[in-house]
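Start from the sequences and build out the full structure, keeping to the hints where you can.
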Amino acid sequence: MNRILRLSVAAALVAALMSGVLTGSVMADESQDLMFPVPEFSDHPIPTASVPEVQGEVAAVLDVAILFVALCLASYFTLVSRSRRNVLLLTIASLLWFGFWRQGCVCPIGATQNVALAIFDPTYVVPLTVVAFFILPLVFTLFFGRTFCASVCPLGAMQELLAVRSVKVPRWLDHSLGLVAYIYLGAAVIFAATKTGFIICRYDPFIPFFRLGANTDMLLFGSCVLLISVFVGRPYCRYLCPYGAILRVLSCFSKWRLSIPPDTCINCQLCEDVCPYGAIHPPTVTQSPQRRRKGKRQFVIALLAAPVVVAVFWWLGTALGVPLSQWHPESRLAEQVRLEELGVAETTTEASDAFRGSGRSVQELYQSALARRDDFVTLGGLLGAWTGLVIGFKLIHLSARRRRDDYQADRAGCVSCGRCYWYCPVEKVRLGLISDVSEALPDGQMPNGPLVQLTVGGKES
Amino acid sequence: MNGEKQTDRRGFLADGARVAGVVSAGVLGGFLAGRRGQAEENRWQIDPDKCVGCGNCATHCVLDESAVKCVQCFDMCGFCNRCTGYYTLDGLDSRDTAAEDLLCPTEAIIRTFVEGKAGQNFYEYTIDTDACIGCALCVKGCALMNGSLYLQVMQDRCVNCNECAIAVACPSDAFVNVSSDKPYRLKRVALGVMRQKAGKADKAAQKLIDQVQADE
Ligand code: SF4
Ligand code: SF4
Ligand code: SF4
Ligand code: SF4
Ligand code: SF4
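So the protein sequences, as listed, match chains H and Z.
Counted from 1, the first sequence has number 260 at position 260 by full-length UniProt numbering; the numbering is strictly sequential.
Counted from 1, the second sequence has number 190 at position 190 by full-length UniProt numbering; the numbering is strictly sequential.
Heads up, a few of these hints could be off.
[Unchecked claim] With a straight-line cut-off of 27 Å between C-alpha atoms, the simulated DSSO-like cross-links for lysine-lysine are:
hint, chain 1, residue 1, chain 2, residue 2
1, H, LYS294, H, LYS428
2, Z, LYS187, Z, LYS197
3, Z, LYS197, H, LYS195
4, Z, LYS50, Z, LYS140
5, H, LYS195, Z, LYS50
6, Z, LYS182, Z, LYS197
7, Z, LYS207, Z, LYS117
8, H, LYS394, H, LYS168
9, H, LYS195, Z, LYS187
Just so you know, these hints were derived from the structure itself, not from any lab.
The model shown is predicted, which means the values in this text are computed figures rather than measured ones.
Given below as structure tokens:
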């Protein structure tokens with residue numbers, strides 16, 4: 001009521017003013033019918049609005065340069081100088097710069113979505129900075145392992161500093177949760193490509209802290225992740241980070257990567273105990289022929305099962321069409337408008353009000369929402385197939401046997417944090433901190449491994 | 001057994017994968033950079049014809065102070081005596097410019113007397129960009145009259161987030177990606193007016209047109 005009253009007051013005012021202006025001034029010839037005419041003043045020129053220039057590219061170029069330098073330093077610290085202390089310092093610096101100063105933006109993790117969108121939408125032009133942020137860590141990983149995760153990524157840094165009381169996650173759980181990151185990656189690509197939203201950015205648990213502000217849900221989620229980080233090393237990196245999922249795969253092929261120990265492993269197990277990320281694997285035991293046969297059988301079964309898993313998940317995924325499409329704002333709008341048309345909705349929303357003011361027809365909205373749902377049925381199937389593929393690969397990978405003669409950092413899981421350097425007795429001898437490995441061993445323990453052993457994979461002896 | 005051979009093979013495969021990885025990263029980079037060759041990169045901007053002035057712009061930007069500000073198209077403005085973008089509707093009863101009669105919570109709109117004509121006073125309203133928080137109250141207010149006040153993402157402040165937090169929260173789908181060489185938008189009506197002005201060799205109008213995205 002009040003609103004109508006106000007509107008009519010306003011309308012009356014408009015009318016009054018209009019007549020005043022119309023009689024009082026010569027109408028400018030540009031004026032539109034419905035427009036309130038611009039008066040012509042005797043000596044006051046009508047100013048022209050002006051807009052500020054786009055912010056310079058300097059900041060962007062600087063960020064790429066800093067990223068590059070940080071990656072070089074990280075690789076140097078982990079592979080050449082083998083200094084955990086420097087890695088830690090770099091971690092803190094990255095957290096301050098990329099996290100708190102640049103507020104977690106641009107980051108390679110989010111850049112994945114820009115790149116996905118740019119591939120699928122030719123009208124979207126991704127900034128060069130974003131391309132550089134996406135590609136640089138990938139290339140570094142191919143050569144030096146996950147040095148980006150080690151001390152450049154602000155998200156990793158946040159968790160790294162909190163990993164103080166890490167417990168061991170059971171292997172089966174670790175493996176299963178690890179799949180989530182790949183599914184998340186698939187979903188993020190699909191959502192970005194369809195312009196449904198950049199979910200990685202929207203649900204980045206650390207953004208609330210970097211920006212010192214967010215809605216309650218995000219703050220709650222972020223706090224939970226931080227709390228978990230204290231007890232489970234890097235939960236986001238290991239189980240959620242979609243970019244980490246890519247890096248995991250790439251680091252399997254890296255030319256050099258962090259290696260523990262520096263030369264001969266004494267199999268003291270200290271590094272395995274100290275790695276908060278469950279990334280150090282003990283030497284494998286020699287298998288009985290029986291076990292080996294069983295292992296072979298498992299491998300064949302996994303190989304045969306993989307296509308079936310893909311097919312089943314593809315089929316399951318197609319059922320996701322409706323729920324997935326609900327993430328798109330337009331689908332939600334269509335649903336709200338439908339409820340309003342049916343008279344079920346209790347209130348209108350800002351979006352539906354805006355829609356009704358826009359002059360678009362309800363039918364057109366429904367049509368486009370339906371078309372979108374069909375798209376999402378296909379995409380859901382693809383996401384399902386991708387999930388199946390990841391699971392299939394995991395099964396095959398788990399049943400493939402590798403031989404390890406000593407303690408080794410996992411190619412995929414090791415984030416090159418360098419923590420194990422601090423504890424490895426061989427490393428301590430190398431640094432001249434102690435003269436003999438036995439000094440660094442817990443009381444009474446003797447080096448029990450093969451003391452002289454050539455090691456394979458990534459390190460020279 | 002032939003452990004060495006196996007290591008060799010593995011090394012060879014890893015080399016192959018690495019080369020493939022570097023090559024595809026290069027191809028992807030080249031592809032994306034090529035895209036860039038065809039057009040400038042994108043920036044977030046508000047389509048003022050779609051904005052409904054909900055106020056989310058003031059609260060959802062990741063910056064402490066929203067990068068969205070109100071701008072004014074003087075060529076659409078009636079230089080009203082009682083600007084409805086300036087006064088609250090209650091304030092319209094009084095001629096007082098006391099804070100409680102003003103719509104803008106930060107008093108960012110500055111009113112300057114221009115001229116009296118045929119018993120009618122005309123005022124010019126300008127916006128103090130530093131004070132404006134992009135709350136859109138004035139935008140809604142003026143929409144009762146002309147709609148000559150409207151919001152734009154100020155490109156000297158916006159950090160160009162991957163996904164603009166306001167775009168997510170905007171109910172009217174008003175946030176669009178525009179090319180960064182023409183990062184601003186004008187209202188459709190205003191664009192027509194500015195084109196006419198520019199046609200008459202008005203340099204300022206031409207400059208403005210050069211900065212705005214004119215496509216639909
Ligand atoms: S560097 Fe060592 S402690 Fe750190 S993740 Fe790798 S194996 Fe674990
Ligand atoms: S901004 Fe709108 S209401 Fe205010 S003087 Fe101009 S036309 Fe009138
Ligand atoms: S009312 Fe809001 S949008 Fe308008 S000038 Fe004031 S702060 Fe800016
Ligand atoms: S892109 Fe970021 S800084 Fe720019 S208006 Fe949107 S939220 Fe604000
Ligand atoms: S969020 Fe959208 S509708 Fe609301 S004020 Fe901003 S541009 Fe306008």
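Given hint LYS50 (chain Z) paired with LYS195 (chain H) - CA-CA distance at most 27 Å: holds (19 Å)
Holds or violated: LYS182 (chain Z) to LYS197 (chain Z), with C-alpha atoms at most 27 Å apart: holds (19 Å)
Holds or violated: LYS50 (chain Z) to LYS140 (chain Z), with C-alpha atoms at most 27 Å apart: holds (12 Å)
Hinted pair LYS195 (chain H) and LYS187 (chain Z), Cα distance within 27 Å: Judged against 27 Å, a Cα distance of about 25 Å means the pair holds.
Agreement of LYS187 (chain Z) and LYS197 (chain Z) with the hint, judged by alpha carbon distance not exceeding 27 Å: Roughly 15 Å between the alpha carbons, so the hint for LYS187 (chain Z) and LYS197 (chain Z) holds.
Given pair status - LYS428 (chain H), LYS294 (chain H), alpha carbons within 27 Å: This hinted pair is violated, its Cα atoms lying about 41 Å apart.
Distance restraint between LYS207 (chain Z) and LYS117 (chain Z), which requires alpha-carbon spacing of 27 Å or less: The given pair, whose Cα atoms are some 31 Å apart, is violated under the 27 Å limit.
Pair hint outcome, LYS394 (chain H) versus LYS168 (chain H) [Cα-Cα no greater than 27 Å]: holds (20 Å)
Restraint status (C-alpha distance of LYS197 (chain Z) to LYS195 (chain H) at most 27 Å): violated (37 Å)
Violated hints, in rising order: 1, 3 and 7; the structure is consistent with all others.
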